[in-house]
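One line per chain: the protein sequences are Y and A, in this order. Just so we're aligned: 731 in the working numbering is position 185 of the first sequence, and the numbers increase by one with no gaps anywhere. Just so we're aligned: 106 in the working numbering is position 93 of the second sequence, and the numbers increase by one with no gaps anywhere.
Read the hints as simulated data drawn from the structure, not as lab findings. In this text, all values refer to a predicted model and were calculated from it rather than measured experimentally. For glycine and all other residues, C-beta sits at the position ideal for the given N, C-alpha and C. One or more hints might be untrue.
[Claimed, not checked] Below are the SDA-like pairs computed for lysine to any residue, each with C-alpha atoms no more than 20 Å apart in a straight line:
| hint | chain 1 | residue 1 | chain 2 | residue 2 |
| --- | --- | --- | --- | --- |
| 1 | A | Lys63 | Y | Ser726 |
| 2 | A | Lys63 | A | Ser112 |
| 3 | Y | Lys995 | Y | Ser726 |
| 4 | Y | Lys873 | Y | Glu842 |
| 5 | A | Lys63 | Y | Thr958 |
| 6 | Y | Lys995 | A | Gln33 |
| 7 | Y | Lys995 | Y | Glu974 |
| 8 | Y | Lys930 | A | Ser112 |
| 9 | Y | Lys995 | A | Thr29 |
| 10 | Y | Lys995 | A | Ser112 |
[To be verified] Simulated DEER-style distance windows between Cβ atoms:
| hint | chain 1 | residue 1 | chain 2 | residue 2 | range |
| --- | --- | --- | --- | --- | --- |
| 11 | Y | Thr638 | A | Glu87 | 45 to 51 Å |
| 12 | A | Ala79 | Y | Thr638 | 51 to 57 Å |
| 13 | Y | His713 | A | Glu107 | 45 to 51 Å |
| 14 | A | Asp123 | Y | Val921 | 49 to 55 Å |
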Amino acid sequence: MTIAPKAPRKLSMKQRYTALTRDLDWDPSYVTTEEMFPLTSFEGIKIHDWSKWEDPFRLTVDAYTKYQAEKDKRLYAVLDGFAQSQGHLSLTDASYLNAMKLFLQGVSPLEYQAHRNFAMLSRHLNGPGPRFASLCQSLDEIRHAQTEIHTLSNYNKYYSGFHSYLHMHDRVWYLSVPKSFFDDALSAGPFEFLIAIGFSFEYLLTNLLFVPFMSGASFNGDLPTMTFGFSAQSDESRHMTLGLEAIKFLLEQDEANVPIVQHWIDKWFWRGYRVTALVAQMLDYMLPRKVMSWREAFELYFEQQMLGGLFKDLEFYGIRPPLHVDKAIQEKDYLSHQAYWILYQFSHAAAFTTSVPTDEHMDWLQEQYPDTFPVYRTLWEKEKKNIENGGRHFVRGLPQLCQVCQIPMGFTESDDPFVQAQRETIFEGERYNFCSDGCKYIFDHEPVKFRQAWLPVHQIYQGNCGAADLPGVLQWYGMQPGDGGEYQGSLDNENWKKWHDMAEETGGH
Amino acid sequence: MTATIEQTSPGALVDTLEAQPIVSIGEYNFPSRSARELYGDDMLINVWWKGNPWFVAAAMFRAPMAMPFGAFWEALFVPYHEEDPDFDASKGWEQFDWSISGQSVTPSADVSLTDLGMTHKAVLTFSSK
Chain Y
547 MTIAPKAPRK
557 LSMKQRYTAL
567 TRDLDWDPSY
577 VTTEEMFPLT
587 SFEGIKIHDW
597 SKWEDPFRLT
607 VDAYTKYQAE
617 KDKRLYAVLD
627 GFAQSQGHLS
637 LTDASYLNAM
647 KLFLQGVSPL
657 EYQAHRNFAM
667 LSRHLNGPGP
677 RFASLCQSLD
687 EIRHAQTEIH
697 TLSNYNKYYS
707 GFHSYLHMHD
717 RVWYLSVPKS
727 FFDDALSAGP
737 FEFLIAIGFS
747 FEYLLTNLLF
757 VPFMSGASFN
767 GDLPTMTFGF
777 SAQSDESRHM
787 TLGLEAIKFL
797 LEQDEANVPI
807 VQHWIDKWFW
817 RGYRVTALVA
827 QMLDYMLPRK
837 VMSWREAFEL
847 YFEQQMLGGL
857 FKDLEFYGIR
867 PPLHVDKAIQ
877 EKDYLSHQAY
887 WILYQFSHAA
897 AFTTSVPTDE
907 HMDWLQEQYP
917 DTFPVYRTLW
927 EKEKKNIENG
937 GRHFVRGLPQ
947 LCQVCQIPMG
957 FTESDDPFVQ
967 AQRETIFEGE
977 RYNFCSDGCK
987 YIFDHEPVKF
997 RQAWLPVHQI
1007 YQGNCGAADL
1017 PGVLQWYGMQ
1027 PGDGGEYQGS
1037 LDNENWKKWH
1047 DMAEETGGH
Chain A
14 MTATIEQTSP
24 GALVDTLEAQ
34 PIVSIGEYNF
44 PSRSARELYG
54 DDMLINVWWK
64 GNPWFVAAAM
74 FRAPMAMPFG
84 AFWEALFVPY
94 HEEDPDFDAS
104 KGWEQFDWSI
114 SGQSVTPSAD
124 VSLTDLGMTH
134 KAVLTFSSK
């Protein structure tokens, strides 16, 4: 008599997850734990029980990849349809793409860097739960980098500024802002990286960074980017959960972790917030059809959701809101104006274009910022006269940069919109300049780290950027005619008009 | 941690910050990428038109330490600031109040930038009288 073998017992998703992650963990016997995980003690963080980590992903790799593949199929179907139907002509205006150029040059390379560091964490964290969570986020990030590049590559066929974005990311002055931000995180220890990127970037500031770009796409006829945004949204919510889990895990493991984590929150809030200056100007100035003002976005996504929600919860652990948050709140009324004014007068050295806001646009800005925009309006009115007289405000030189955030030092004192803030520290006989108390605070805690900053202006003057003159530096940047400068009359603007005239003549065919 | 900035003599700066211990997996002590020595006989100087938002930030120039102020005015200052339609170079530098690190200074054509009090990455501030 033969007995039929028992059918294998089917495990639930949770059981499969446990079997394939937690149950594959082991205690080392040939080496010590410290030898196996050499990176998790030097930062001073104390972890007593790694099994307490709750993994928000709770997926197996096969389930994860199946789910992501379905999302990719939908995205690539939209990309194909958009390309085949010349969908780019249905954008609100070619100038909208300046926002996407900034996104591709500044943000997509960060996704790749996040992929690399989360992959590193998936090897180096002691616990199987956080290792697996890091692995999934690493896969998410490489997928985001790839899908963003694919999504925006279609525009590269028709518009300036989309080529050479990786080359530019490593070299161009305004891209050193997001690049140095992430390099700072990559060169930190694993726990600081988790707070820097997992918590501050992915949780505290993610809605301010990500949602405005995707909403802007939606409002301006950019179906592919909007679809990418939807595709990434579910991943981002997992990343937010991971960031929150990371901070709660560290805080619950040992009280001694609290001051370390608090300092990282103070540092990384301001580091991340300064990067959002690029988003602020994008929302208020680069979108032909507006979504919301920076001020509204800041109030909704940061003040209400984070200060009013998250930090109330974190009080329980002894965590307070980040230092210098009061300055960020003050700046919501003028940050975008100052950031765009910077980009406007240096866009001859950028791979995007800028232009004086139209009267209608300025009226909208005045509605949104009744207390502050009138001051900036006087500048735009002066520039309009300048243009009528044959000028165009491109600065004939290089600006002073902040040693930490690397943005030209154009942010003003709170009480005077015409006086830029100047802060400085003298360390080992050398002077360092900062745009704000927040950046000075960061430098003063790690001067040996930040004195190494690769500041574009200082490097140009050292002769490390191809040439000492602007054309030579632009060549070294990899820029081509039409990439930057004034939008009106630019290659993109002229092509846009020509293509729409042609479409009208042929009845849209 | 911080203290008032002092300048004892041209070129000699007093630290306002003590070295902070750095959290690192190994020895970590790398030099500045912007040290004055990297610029030969030159230095980087910031020139800030305080109260004029036309220029969104102070300008940074590379200039010889021994450069006379008059030459600096002609070769670097005027070509840069002429971009503001309201700037009138013909009125000379006397149209402005000048200061370095909060200390009032009086430029003259022959005084060198160093003798005026400028040091590497210092801010030469000027504002309309």
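Going down the list of hints, with the structure as the test:
About 28 Å separates the Cα atoms of Lys63 (chain A) and Ser726 (chain Y), which puts this hinted pair outside 20 Å; it is violated. Proximity of Lys63 (chain A) to Ser112 (chain A) is assessed by CA-CA distance (about 10 Å); at most 20 Å being required, the pair is judged to hold. Taking the CA atoms of Lys995 (chain Y) and Ser726 (chain Y), the gap is about 12 Å. The hint holds against a cut of 20 Å. Of the pairs offered as hints, the one joining Lys873 (chain Y) and Glu842 (chain Y) holds, with about 16 Å between alpha carbons and a cut-off of 20 Å not exceeded.
Restraint check for Lys63 (chain A) and Thr958 (chain Y): the C-alpha separation of about 11 Å stays at or below 20 Å, so the hint holds. With a C-alpha separation of about 10 Å, the suggested pair Lys995 (chain Y) and Gln33 (chain A) falls inside the 20 Å cut-off, and the hint holds. Of the supplied pair hints, the one linking Lys995 (chain Y) and Glu974 (chain Y) holds, its CA atoms being roughly 13 Å apart against a limit of 20 Å. Pair hint Lys930 (chain Y) plus Ser112 (chain A) does not hold up; C-alpha atoms about 32 Å apart against a cutoff of 20 Å.
Distance restraint check for Lys995 (chain Y) and Thr29 (chain A): the Cα-Cα separation of roughly 17 Å lies within the 20 Å cut-off, and the hinted pair is therefore satisfied. A threshold of 20 Å between alpha carbons decides the hint, and for Lys995 (chain Y) with Ser112 (chain A) the separation of about 31 Å lies outside it, so the pair is violated. Here the CB-CB span from Thr638 (chain Y) to Glu87 (chain A) is close to 47 Å, well matched to the stated 45 to 51 Å. Between Ala79 (chain A) and Thr638 (chain Y) the beta carbons are some 55 Å apart, a value that agrees with the proposed interval 51 to 57 Å.
Between His713 (chain Y) and Glu107 (chain A) the CB atoms are about 47 Å apart, so this pair conforms to the stated range of 45 to 51 Å. Between Asp123 (chain A) and Val921 (chain Y) the C-beta distance comes to about 40 Å, which lies outside the given range of 49 to 55 Å.
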